[in-house]
Amino acid sequence: MPVVVNRKVLTFWEKLYLPAIVGGLKVTLKHAYNTLFLGKVVTMEYPEQKWTLPTGYRGAPYLVKDQDNNTKCVSCQLCEFVCPPKAIRITPPGQNGQKADRTNAEKMPAEFEINMLRCIFCGFCQEVCPEEAIFLQQDYSLTGLSRSEMIYNKEKLLSLGGEVGGIQKWKLKLDEAKAQESFPVKL
Amino acid sequence: MDWNFIIFSLVKIAVVVGVVQGIVAYSVLAERKISAWIQDRVGPNRTAPPFVKYIPGGQFLTRLGIFQPLADGLKFLVKEDFTPAGVKKIYFFLAPAVSVIPAMLTVAVIPFGSNIGAQKMVIADLNVGILYTFGIVSMGVYGIVLAGYAANSKYPMFGGIRSSAQMISYEISMGMSVIPVLLIVGNLNLSQIIGWQATNGWMVVYAPISFIIFMVASFAETNRTPFDLPEAETELVGGYHTEYGSMKFALFFLAEYSNMVSSSAMMVTLFFGGWTLPFWGLDHAATSLGMGIAHILVFIAKMLFFMVVFIWVRWMFPRFRYDQLMDLGWRRFLPLALVNILITAVWLWMRS
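These protein sequences, in sequence, are chains A and B.
FYI, the numbering for the first sequence is 1 to 187, going by our numbering.
FYI, the numbering for the second sequence is 1001 to 1352, going by our numbering.
If you are wondering where the hints come from, they were derived from the structure by calculation, not from laboratory data.
Just so you know, these numbers come straight off a predicted model, no measurement behind them.
Just so it is clear, CB atoms sit at the ideal spot from N, CA and C, and this is done for glycine as well.
Keep in mind that the hints are not guaranteed to be accurate.
Stated by the list, open to error - Pair by pair, the computed Cβ-Cβ distance ranges are:
1. B/Ile1090 - A/Tyr46: 42 to 48 angstroms
2. A/Ile21 - B/Ala1301: 22 to 28 angstroms
3. B/Leu1094 - A/Val4: 47 to 53 angstroms
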């Protein structure tokens, strides 16, 4: 079935294109004036200016330390197992290896490597970690001059991670569990 | 053989070509900057040579992107000159040259100043200046058609075909639009036309319709938006220069902007009094060196104004559809130009 589109019949003045041209020139001139003299620029000059990241932003995963400056990771290798792009590689200490530097843990990894070229910042490692030892932090712009430079080792990850815990996963779980004791469930 | 004439001509050619290339390079920058400002952006503001901190005001110049054209030029020069497998080699190599040579030749007859000393500031003071310009400018389309044909690929071909059709429909109205000017002045020599305007006022007052048609036609002639059908990126990938890269592509670019320069120069010469200004005593041929230079600066300033208009319009206008373009060329401008000629002729006849 043919569809008839009723086009608006233009007046002579409109057919001249002139009002449209003048209007267009006015709009573009206004924008140029605003950008040039009023500094109303919508773009951001990236390396100098940066976004303020929202909380919960998933950047690069780093290892964190506890309040006594001890390694929290216990080398359970759950993150290595769960990592979808297989970016994490953990070398366990072995039977006669180094003891953990905190008292309530059995061991800590001899080496902990994250290949930042492979990492997809998915956050599974943070999700799975029973010790809250790895957190996705705010870094998103990781650069290096070689592939080997982009494999971050334990020392580097710990120094980048710092001490902050971020989201206290177990605390939340505990609250959840407590909330389920009573009815109706309140969080 | 008049050695004096040859040496001065060569000097003038060298200087004019140099200045035109400089303007071309910086009009690319202007294009990028103005487009950025219109679109609420900043534009190129990073490129700087390593010794920028020794240049006074270097930081500010970098923000303005003054060094960007140098980087662009260098990039085009050192890029791999890749020739696609399926192209028709000879034409493929010929096309950029064919499009860039006419673009540069047009400036030869344009009087860009009155005189410095005994030298007239025009490379070739031809008695058929306008005819020469039209003849040369229409050759530019061969380069585009040739490029479209040589690329042996469908989108460049479309670009070339569109370009030829567009050129035919606009060249005629462009030529017709200038005839009233010739009728009023009674001379084809561009210097004489400027001389007439110096005494009688700018031509745009006498022939405004001619100016409008000429301006629109020169937008079509230089393949600029709203008539950039041969290189419509959204429809034809890149248009006639899709298969081109590195310096060959840069030559097409150069040709487009050189055409812009010469079109602006023609508009200034024909309709806006060339190097003259009606005040400050700049309306007659220079008697001193300072005045000669002032005339050249006036000409360049007027020309740059039209360059900015070219760029401004590009970032304001949507592209015309192919049939709209043909409609505008054949059914609007051609009759209008003919009527314009008739009215001018009758007016001149009544006055005489």
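Distance restraint evaluation - leucine 1094 of chain B, valine 4 of chain A, Cβ atoms, bounds 47 to 53 angstroms: The hint (47 to 53 angstroms, Cβ to Cβ) holds, given that leucine 1094 of chain B and valine 4 of chain A are roughly 50 angstroms apart.
Supplied distance hint 22 to 28 angstroms, evaluated on CB atoms of isoleucine 21 of chain A and alanine 1301 of chain B: Because 24 angstroms falls inside the window, the suggested range holds.
Cβ separation of isoleucine 1090 of chain B and tyrosine 46 of chain A, checked against the hinted range 42 to 48 angstroms: For tyrosine 46 of chain A against isoleucine 1090 of chain B, whose Cβ atoms are near 46 angstroms apart, the range 42 to 48 angstroms holds.
Comparing the model with each numbered hint stated earlier shows that all of them hold.
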